[in-house]
Amino acid sequence: MSRTRSPLLAKKHIHAPLFAALGDETRLSLLAELCSGEPRSIAQLTKGTDLTRQAVTKHLRVLENAGIVRSVYSGRENLFEFEPKPIEEIKKYIDLVSDQWNHTLARLKAFVED
Amino acid sequence: MSDRIEKRIELQASPARVWRALTDYKEFGQWFRVNLEGPFVPGQAVRGKITHPGFEHVTWEAVVKKMEPERLFSFTWHPYAVDPAQDYSKETPTLVEFRLEKTATGTRLLLTESGFDKIPSDRRLEAFRMNDGGWTAQMKNIEAHVQDS
Numbered sequence: 046m047s048r049t050r051s052p053l054l055a056k057k058h059i060h061a062p063l064f065a066a067l068g069d070e071t072r073l074s075l076l077a078e079l080c081s082g083e084p085r086s087i088a089q090l091t092k093g094t095d096l097t098r099q100a101v102t103k104h105l106r107v108l109e110n111a112g113i114v115r116s117v118y119s120g121r122e123n124l125f126e127f128e129p130k131p132i133e134e135i136k137k138y139i140d141l142v143s144d145q146w147n148h149t150l151a152r153l154k155a156f157v158e159d
Numbered sequence: 664m665s666d667r668i669e670k671r672i673e674l675q676a677s678p679a680r681v682w683r684a685l686t687d688y689k690e691f692g693q694w695f696r697v698n699l700e701g702p703f704v705p706g707q708a709v710r711g712k713i714t715h716p717g718f719e720h721v722t723w724e725a726v727v728k729k730m731e732p733e734r735l736f737s738f739t740w741h742p743y744a745v746d747p748a749q750d751y752s753k754e755t756p757t758l759v760e761f762r763l764e765k766t767a768t769g770t771r772l773l774l775t776e777s778g779f780d781k782i783p784s785d786r787r788l789e790a791f792r793m794n795d796g797g798w799t800a801q802m803k804n805i806e807a808h809v810q811d812s
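Chains as they are written, first to last, in our numbering: chain B, 46 to 159; chain L, 664 to 812.
Chain L with its partners taken away, still in its complex shape (with noise of 0.2 Å):
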């Protein structure tokens, strides 16, 4: 079992677009859904309130570690800290990062997220407990909106 998330995704777009999506943080919160109060500086924390329906009551946080343009962009954040009544900030955080390779068709984005040995065993257990409780039906509805635009 591996202690870490890596996706990769071929995007019709060149680096400079994919960077701009990702770094420029009126874009993020676009396709993230999150309302960002200020743009990323390396190694300032960012927050905003979410927007995605259900879930405007909380804020995301996230501390930018490396951005190297149209190369590397990384942040660290606490994945599903989505109860505002939970104090996340000692637990460890996991490291997210978008690394970016230009291709023949555009852009080749892998993503890593790492460092779940760190998250407490009964957060886990919680998150897993709130994606019961709605956050399931959230993802269907995220996913027909991508479909249908």
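Pulled out of the complex, with its shape left as it was, chain B reads as follows (with noise of 0.2 Å):
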């Protein structure tokens, strides 16, 4: 079977400099534009704000990077959209690393009031 690959998928191996990307308000207000439906355009996106669409395409990028922006293209126009995945699989992974140490600490407690 041949498919497109998106550069995102191709980028799998990359370690995602997930929390860099999401340690700004910029992006974190984009992100939350773009988690809030629909696909949007550079434009659409730098519309009602102060940036510049060359500082929103940067922005997107570094979104897009980290995995949890991806670029998709409707006829000619190239729109971007959340991708979710990256950021269940981090929350799933310290939830998994939290559920642990609560069951390490439980061991302690016993231990030492023991």
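Quick caveat, the hints were computed from the structure, so don't treat them as lab data.
Misleading hints may appear alongside valid ones.
[Stated by the list, open to error] Calculated lysine-lysine pairs in the DSSO-like style (CA-CA distance at most 27 Å, straight line):
{"hint": "1", "chain 1": "B", "residue 1": "Lys154", "chain 2": "L", "residue 2": "Lys728"}
{"hint": "2", "chain 1": "L", "residue 1": "Lys670", "chain 2": "L", "residue 2": "Lys712"}
{"hint": "3", "chain 1": "B", "residue 1": "Lys130", "chain 2": "B", "residue 2": "Lys154"}
{"hint": "4", "chain 1": "L", "residue 1": "Lys729", "chain 2": "B", "residue 2": "Lys154"}
{"hint": "5", "chain 1": "B", "residue 1": "Lys136", "chain 2": "L", "residue 2": "Lys670"}
{"hint": "6", "chain 1": "L", "residue 1": "Lys670", "chain 2": "L", "residue 2": "Lys689"}
{"hint": "7", "chain 1": "L", "residue 1": "Lys689", "chain 2": "B", "residue 2": "Lys154"}
{"hint": "8", "chain 1": "L", "residue 1": "Lys765", "chain 2": "B", "residue 2": "Lys136"}
{"hint": "9", "chain 1": "L", "residue 1": "Lys689", "chain 2": "L", "residue 2": "Lys729"}
{"hint": "10", "chain 1": "L", "residue 1": "Lys689", "chain 2": "B", "residue 2": "Lys137"}
{"hint": "11", "chain 1": "L", "residue 1": "Lys765", "chain 2": "L", "residue 2": "Lys712"}
{"hint": "12", "chain 1": "L", "residue 1": "Lys670", "chain 2": "L", "residue 2": "Lys765"}
{"hint": "13", "chain 1": "B", "residue 1": "Lys92", "chain 2": "L", "residue 2": "Lys670"}
{"hint": "14", "chain 1": "L", "residue 1": "Lys689", "chain 2": "L", "residue 2": "Lys765"}
{"hint": "15", "chain 1": "B", "residue 1": "Lys103", "chain 2": "B", "residue 2": "Lys130"}
{"hint": "16", "chain 1": "L", "residue 1": "Lys712", "chain 2": "L", "residue 2": "Lys729"}
{"hint": "17", "chain 1": "L", "residue 1": "Lys670", "chain 2": "B", "residue 2": "Lys154"}
[Claimed, not checked] Beyond 10 Å from chain L on every Cβ pair, some chain B residues (computed):
{"hint": "18", "residue": "Ala65"}
{"hint": "19", "residue": "Pro84"}
{"hint": "20", "residue": "Lys92"}
{"hint": "21", "residue": "Thr94"}
{"hint": "22", "residue": "Ile139"}
{"hint": "23", "residue": "Arg152"}
{"hint": "24", "residue": "Phe156"}
{"hint": "25", "residue": "Glu158"}
Think of the CB as a built atom: it goes at the ideal place given N, C-alpha and C, for glycine as much as any other residue.
The task is to assemble the complex, starting from two chains supplied on their own in separate frames and drawing on the hints.
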């Protein structure tokens, strides 16, 4: 089966700088905008902000490299959409380690209070 | 979303008792379930075989950072480094900190683990798969054990 691979899939093995991507107010607001629905164009995302088109594009690329935003084409128009998987994945991982700590600390409690 | 884990637990035991359980390597090994080869020394690595049923083939390793008696014990490690075939040493470890506070009834223990932003995404996925393959069942066993004792 032949499928067009998006640049994102090709980058799967690059370590996603997810938190770095999320650690910025502008990117978070862009992401919030994308989370709320349909894929948006750079023009739509720039509208109503005091950002330049270049700045929005730059932030979108950071989000795209982190794997949480995908670039899609509708006709000739380049649109961007939210990709929830990386965030779900890291959240699951942290929940897992967190859960492990609950058990470990319960054993410590039993141990010192014995 | 936070890149750290924070836990707070109230212990009915003095800070001195909790400190010993945390930093005496033999006591640590009992509740953490690892058979450490030697004591904790700041700046040095410490290792030993995990004593969890089913994980005895795994070597646990940490590097001790700070030991401030009855206040702070910290080390770095690779969480979920349970595949002996994998070399985790190139990855940035996470930092685990135990902070102790004296309370009227004993000790408040604050645990933080930070630095998850540095863990490769592939590894996070792997750790999650690992969990699906039996870690969950192990945790249930431990829970039962803690409730019984």
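Quick rundown of the hints versus the structure:
The suggested pairing of lysine 154 (chain B) with lysine 728 (chain L) holds, with an alpha-carbon distance near 23 Å, which does not exceed 27 Å. Between lysine 670 (chain L) and lysine 712 (chain L) the alpha-carbon distance is near 26 Å, which keeps this suggested pair within the 27 Å criterion. Between lysine 130 (chain B) and lysine 154 (chain B) the CA atoms are separated by roughly 36 Å; this puts the pair beyond 27 Å, and the hint is violated. For the hint pairing lysine 729 (chain L) with lysine 154 (chain B), the CA-to-CA distance comes to about 22 Å; that is within 27 Å, so the pair holds.
Of the supplied pair hints, the one linking lysine 136 (chain B) and lysine 670 (chain L) holds, its CA atoms being roughly 16 Å apart against a limit of 27 Å. A distance of roughly 23 Å separates the Cα atoms of lysine 670 (chain L) and lysine 689 (chain L); the hinted pair therefore holds under the 27 Å criterion. Annotation: proposed proximity of lysine 689 (chain L) to lysine 154 (chain B) holds, straight-line Cα distance about 16 Å (limit 27 Å). For the hint linking lysine 765 (chain L) to lysine 136 (chain B), the alpha-carbon distance of about 32 Å lies beyond 27 Å, and the restraint is violated.
For the proposed pair lysine 689 (chain L) and lysine 729 (chain L), the alpha carbon gap of about 18 Å is at most 27 Å, so the pair holds. Our distance criterion of 27 Å between C-alpha atoms is broken by lysine 689 (chain L) and lysine 137 (chain B), whose separation comes to about 32 Å. With a CA separation close to 32 Å, the supplied pair lysine 765 (chain L) and lysine 712 (chain L) exceeds the 27 Å bound. In summary, the hint linking lysine 670 (chain L) to lysine 765 (chain L) is supported, as the alpha carbons are separated by about 16 Å, within the 27 Å threshold.
For the proposed pair lysine 92 (chain B) and lysine 670 (chain L), the alpha carbon gap of about 42 Å is over 27 Å, so the pair is violated. Under the criterion of a C-alpha separation no larger than 27 Å, the hint pairing lysine 689 (chain L) with lysine 765 (chain L) is consistent with the structure, at around 24 Å. Pair hint lysine 103 (chain B) plus lysine 130 (chain B) holds up; C-alpha atoms about 22 Å apart against a cutoff of 27 Å. With a C-alpha separation of about 23 Å, the suggested pair lysine 712 (chain L) and lysine 729 (chain L) falls inside the 27 Å cut-off, and the hint holds.
The straight-line distance between the Cα atoms of lysine 670 (chain L) and lysine 154 (chain B) is roughly 13 Å, inside the 27 Å bound, and the hint therefore holds. With a cut of 10 Å on Cβ distances, alanine 65 (chain B) falls inside the contact zone with chain L, its closest approach being about 7 Å. The beta carbon of proline 84 (chain B) is kept farther than 10 Å from every beta carbon of chain L, the shortest such distance being approximately 23 Å. Listed as a non-interface residue, lysine 92 (chain B) keeps its Cβ farther than 10 Å from every Cβ of chain L; the least gap is roughly 27 Å.
Listed as a non-interface residue, threonine 94 (chain B) keeps its Cβ farther than 10 Å from every Cβ of chain L; the least gap is roughly 23 Å. Distance check on isoleucine 139 (chain B): its Cβ comes as close as 6 Å (rounded) to a Cβ of chain L, failing to clear the 10 Å threshold; non-interface status is violated. Once the 10 Å rule is applied to beta carbons, arginine 152 (chain B) is inconsistent with being away from chain L; the minimum gap is 4 Å. With a closest Cβ-Cβ approach of about 4 Å to chain L, phenylalanine 156 (chain B) is found to fall inside the 10 Å limit, against its non-interface label.
Its beta-carbon lying about 5 Å from the closest one in chain L, glutamate 158 (chain B) breaks the requirement of being farther than 10 Å from that chain.
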